[in-house]
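Order-wise, the sequence lines are chains C and Z.
Residue numbering for the first sequence follows this note's numbering, beginning at 7 and increasing consecutively.
Residue numbering for the second sequence follows this note's numbering, beginning at 207 and increasing consecutively.
Hints are not guaranteed to be accurate.
What the hints assert, rightly or not - What the simulated footprint calls covered on chain Z by chain C, stretch by stretch (three residues with Cβ under 8 Å from a Cβ of chain C suffice, anywhere in the stretch; the number is not a length):
id, stretch
1, 277-285
2, 311-320
As the list claims (entries may be wrong) - Have a look at the derived ranges for each label pair, beta carbon to beta carbon:
id, chain 1, residue 1, chain 2, residue 2, range
3, Z, Arg266, C, Thr90, 44 to 52 Å
4, Z, Ala320, C, Glu69, 30 to 38 Å
5, Z, Glu360, C, Thr105, 13 to 21 Å
6, C, Ser73, Z, Thr394, 42 to 50 Å
7, Z, Ser337, C, Ser95, 27 to 35 Å
8, Z, Pro362, C, Asp130, 22 to 30 Å
9, C, Ala147, Z, Gly332, 28 to 36 Å
10, Z, Gly264, C, Thr90, 16 to 24 Å
11, Z, Leu301, C, Ser95, 36 to 44 Å
12, Z, Asp276, C, Ser95, 43 to 51 Å
13, Z, Glu360, C, Gln114, 23 to 31 Å
Just so you know, these hints were derived from the structure itself, not from any lab.
Here the structure is a predicted model, which means the values were calculated and not measured.
Using N, Cα and C, we set each Cβ at its ideal position, and we do this for glycine too.
Residue-level listing of the chains:
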Amino acid sequence: MRISAHGLGLEVPSGWEGRIRKQLLPSDATTPEAAQLRAHAVLHAANFPLLEERGDFGSGAVETMQSGHAFIALVEYHSSSVGTALFGSGVGMPRQLSTEDFSPRQLQRTIAGQAGTQRFFVEDGRAFCLYVVLGSMADRARVVPKVNAVLPAITIAAPVPPEWLEAM
Amino acid sequence: MTALDGIQAAATVLLGLLVVGLLKSHADILRQLHELGAGRTEEPRPVPVDLAVGSATGTRAHDMAGQTPDGEAAAVAVLGATHDTLLAFLSSGCLTCNGFWEALGKGGDLGLPAGMRVVAVTKGPGEESESSVAGLASPGQTVLMSTQAWSDYEVPGSPYFVHVNGSAGRVVGEGTAATWPQVVGLVTRAAGDRRTSRDGAHSRHNDGQGDRIDEELTAAGVLPGDPSLYPTSPPEIGDNE
Numbered sequence: 007m008r009i010s011a012h013g014l015g016l017e018v019p020s021g022w023e024g025r026i027r028k029q030l031l032p033s034d035a036t037t038p039e040a041a042q043l044r045a046h047a048v049l050h051a052a053n054f055p056l057l058e059e060r061g062d063f064g065s066g067a068v069e070t071m072q073s074g075h076a077f078i079a080l081v082e083y084h085s086s087s088v089g090t091a092l093f094g095s096g097v098g099m100p101r102q103l104s105t106e107d108f109s110p111r112q113l114q115r116t117i118a119g120q121a122g123t124q125r126f127f128v129e130d131g132r133a134f135c136l137y138v139v140l141g142s143m144a145d146r147a148r149v150v151p152k153v154n155a156v157l158p159a160i161t162i163a164a165p166v167p168p169e170w171l172e173a174m
Numbered sequence: 207m208t209a210l211d212g213i214q215a216a217a218t219v220l221l222g223l224l225v226v227g228l229l230k231s232h233a234d235i236l237r238q239l240h241e242l243g244a245g246r247t248e249e250p251r252p253v254p255v256d257l258a259v260g261s262a263t264g265t266r267a268h269d270m271a272g273q274t275p276d277g278e279a280a281a282v283a284v285l286g287a288t289h290d291t292l293l294a295f296l297s298s299g300c301l302t303c304n305g306f307w308e309a310l311g312k313g314g315d316l317g318l319p320a321g322m323r324v325v326a327v328t329k330g331p332g333e334e335s336e337s338s339v340a341g342l343a344s345p346g347q348t349v350l351m352s353t354q355a356w357s358d359y360e361v362p363g364s365p366y367f368v369h370v371n372g373s374a375g376r377v378v379g380e381g382t383a384a385t386w387p388q389v390v391g392l393v394t395r396a397a398g399d400r401r402t403s404r405d406g407a408h409s410r411h412n413d414g415q416g417d418r419i420d421e422e423l424t425a426a427g428v429l430p431g432d433p434s435l436y437p438t439s440p441p442e443i444g445d446n447e
């Protein structure tokens with residue numbers, strides 16, 4: 007079962023669900039920069055039911071997570087981020103994570119018992135943040151392999167041409 | 207002349223019989239068309255079917271992919287889920303569906319068994335209006351637009367409901383209904399029946415072996431429907447011990 011949109015794709019494994027959408031923005035964001043942000047993609051994958059009202063980094067969904075659950079967010083950043091220090095690792099999207107990568111301190115918002123990891127990278131000329139949350143830090147040895155089975159199933163295509171953005 | 211009169215009379219009688227036969231045949235056709243609903247101006251009422259004994263009960267369930275009414279590409283997990291899922295196949299055009307959209311839109315306690323997830327499924331954007339569906343769906347309600355899902359579950363029309371047991375990966379009930387309370391009643395009763403049946407089986411065997419096997423297979427990544435569970439040829443008997 008495959009889904010794709012906005013230059014992102016995901017072969018969704020059984021027991022997981024996924025969504026791909028454009029970035030959420032305040033309704034009053036009307037500047038050219040905001041118009042470009044609207045073209046930026048967000049991918050979510052989870053091995054639990056995804057609530058429909060959730061933020062780009064999973065707020066609204068991660069609060070429902072239990073032990074054994076995993077949430078993956080791939081959030082695109084502005085093209086001006088390409089080449090900056092934060093996105094300068096030069097290694098592309100990580101397709102394998104280790105249990106040592108996860109920590110409660112890397113969560114966007116601390117929730118007792120949970121752990122997360124964040125990686126900033128550039129792939130195919132597009133800047134992204136990969137954000138992964140585990141429902142239980144204590145259960146990470148069992149859940150991280152499940153995450154590692156999904157990460158290679160994510161595909162990233164070349165960026166949207168600027169002339170397309172101008173037409174949006 | 208007498209012979210001619212006789213032939214004329216016989217022909218008249220034959221023609222009369224033919225006309226009567228044609229009228230009778232026409233009446234039969236009209237009656238059958240009426241029974242099928244032709245010529246009615248009001249919405250045909252769905253015929254309630256027991257969700258526990260639908261025609262495809264026990265068949266393998268399917269995961270679903272499509273898009274949400276606001277344009278997200280979406281895949282919804284049904285197989286391998288730890289919860290049951292009630293798939294509500296609805297459309298924007300059927301009058302009976304309006305009551306279900308309203309019931310689902312109220313949110314909160316829908317009266318279903320604890321932990322059951324409800325997913326409304328319409329046909330895909332090629333056959334359904336995105337804006338109409340978006341107008342009917344409430345914020346927070348999971349709605350998937352997927353013609354493939356209708357095909358996979360062999361949905362005959364809307365409204366139609368399919369109850370899937372996630373851990374078994376099987377359809378455990380399906381059918382249509384006229385009102386939401388009717389759906390709730392049927393699902394709740396079916397869940398009660400299954401619980402009674404399962405409790406009976408456990409009391410007979412009382413070893414929990416089936417549950418343990420399910421848990422171990424799931425932990426090893428072998429989910430319901432996995433091809434390895436259904437070998438096409440008998441295993442070879444080797445001499446390794």
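Numbers of unmet hints, in rising order
2, 4, 5, 6, 7, 8, 9, 10, 11, 12, 13
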